[in-house]
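*Asks:* Protein chains in written order, with the working numbering: chain U, 2 to 115; chain D, 3 to 115.
Be aware that a few hints might be false.
[As the list claims (entries may be wrong)] Now the in silico label distances, taken between C-beta atoms and shown as ranges: (1) D:G86 / U:A8: 19 to 29 Å; (2) D:F62 / U:R110: 23 to 33 Å; (3) D:F71 / U:N53: 25 to 35 Å.
[As the list claims (entries may be wrong)] 30 Å max Cα-Cα, derived DSS-like pairs, lysine-lysine: (4) D:K59 / U:K4; (5) U:K71 / U:K4; (6) D:K59 / U:K39; (7) D:K15 / U:K39; (8) U:K17 / U:K39; (9) D:K59 / U:K71; (10) U:K4 / U:K39; (11) U:K71 / U:K39; (12) D:K59 / D:K15.
[What the hints assert, rightly or not] Selected chain U positions facing chain D (Cβ under 10 Å, derived; list incomplete): (13) Y34; (14) E45; (15) S96; (16) G108.
Derived from the structure by calculation, the hints contain no laboratory data. For every residue, glycine included, the Cβ atom is placed at its ideal position computed from N, Cα and C.
As a plain string of letters, each chain reads:
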Amino acid sequence: AQKVTQAQTEISVVEKEDVTLDCVYETRDTTYYLFWYKQPPSGELVFLIRRNSFDEQNEISGRYSWNFQKSTSSFNFTITASQVVDSAVYFCALSDTGRRALTFGSGTRLQVQP
Amino acid sequence: KAGVTQTPRYLIKTRGQQVTLSCSPISGHRSVSWYQQTPGQGLQFLFEYFSETQRNKGNFPGRFSGRQFSNSRSEMNVSTLELGDSALYLCASSLGPRENIQYFGAGTRLSVL
Chain U
2 AQKVTQAQTE
12 ISVVEKEDVT
22 LDCVYETRDT
32 TYYLFWYKQP
42 PSGELVFLIR
52 RNSFDEQNEI
62 SGRYSWNFQK
72 STSSFNFTIT
82 ASQVVDSAVY
92 FCALSDTGRR
102 ALTFGSGTRL
112 QVQP
Chain D
3 KAGVTQTPRY
13 LIKTRGQQVT
23 LSCSPISGHR
33 SVSWYQQTPG
43 QGLQFLFEYF
53 SETQRNKGNF
63 PGRFSGRQFS
73 NSRSEMNVST
83 LELGDSALYL
93 CASSLGPREN
103 IQYFGAGTRL
113 SVL
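From just these sequences and the hints, can you work out the full model?
*Replies:* Pasting the structure below:
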């Protein structure tokens with residue numbers, strides 16, 4: 002069975018601080034995909050990134066960066082120089098290649114204070 | 003390009019009633035999935051439709067059902083509502099079987115009294 006753990010329930014930082022959201026996953030599949038989504042108060046889940054299990058290269062997109070380590074089954078997300086607009090709930094998710102059903106973690110609520 | 007559209011945004015029902023939620027996917031997307039989000043259980047997969055056929059189903063009772071139309075629009079139905087069905091129901095669309103990035107709508111918030 003697949004499982005995604007986001008141990009940080011809530012994180013509060015002050016604007017311009019860097020923050021890392023942790024994600025640990027479990028799967029028996031050798032081929033799988035990892036995702037991060039952002040859920041602002043409006044409720045819509047906003048897609049941020051997809052990574053497949055064969056691509057361990059880290060990725061940077063503006064202030065966002067992702068660190069994928071198969072050895073520790075982790076896919077962590079870092080926001081550099083956080084802004085108030087980054088305040089949201091962030092979800093890490095996992096799917097295998099056969100099914101598109103996403104298994105979500107419990108989410109991390111990020112509050113960025115001005 | 004318009005995103006995933008879900009209607010209605012809010013619903014209030016009483017126990018025992020049934021409800022139908024609607025989802026219009028992004029233009030050109032042929033796969034639609036439904037998820038339930040509650041404070042206690044988090045985000046859970048309900049089912050997925052492609053080409054009017056259910057392709058995957060999550061671990062939910064038979065009171066939860068869905069369908070997809072030829073234009074890829076989808077509906078989900080919950081019969082004999084229970085208090086525990088109160089949740090945010092999210093619809094997601096993707097291009098098709100070979101593409102697994104799912105784009106979500108804003109959801110329908112269902113309250114069962």
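*Asks:* Are K4 (chain U) and K39 (chain U) close enough, with their CA atoms no more than 30 Å apart?
*Replies:* 19 Å, holds
*Asks:* CA of K59 (chain D) to CA of K39 (chain U), is that 30 Å or under?
*Replies:* It holds: about 24 Å lies between the C-alpha atoms, which stays within 30 Å.
*Asks:* Holds or violated: K59 (chain D) and K71 (chain U), Cα atoms, limit 30 Å.
*Replies:* Roughly 28 Å separates the two Cα atoms, so the pair holds.
*Asks:* With a cut-off of 30 Å on the C-alpha distance, tell me whether K17 (chain U) and K39 (chain U) pass.
*Replies:* 19 Å, holds
*Asks:* Does the beta carbon distance between F71 (chain D) and N53 (chain U) stay inside 25 to 35 Å, or does it fall outside?
*Replies:* 32 Å, holds
*Asks:* Less than 10 Å between beta-carbons is the criterion; does G108 (chain U) satisfy it with respect to chain D?
*Replies:* OK, holds: G108 (chain U) within 10 Å of chain D, min 7 Å.
*Asks:* Are the Cα positions of K59 (chain D) and K4 (chain U) separated by 30 Å at most?
*Replies:* 17 Å, holds
*Asks:* Check whether the Cα positions of K71 (chain U) and K39 (chain U) lie no farther apart than 30 Å.
*Replies:* 23 Å, holds
*Asks:* Within a Cα-Cα threshold of 30 Å, do K15 (chain D) and K39 (chain U) meet the stated pairing?
*Replies:* 29 Å, holds
*Asks:* Is the distance from the Cβ of F62 (chain D) to the Cβ of R110 (chain U) consistent with 23 to 33 Å?
*Replies:* 26 Å, holds
*Asks:* With a cut-off of 30 Å on the C-alpha distance, tell me whether K59 (chain D) and K15 (chain D) pass.
*Replies:* 25 Å, holds
*Asks:* Return the status of the interface hint for E45 (chain U): holds when the least beta-carbon distance to chain D is below 10 Å, violated otherwise.
*Replies:* 4 Å, holds
Consistency note: the structure conflicts with none of the earlier hints.
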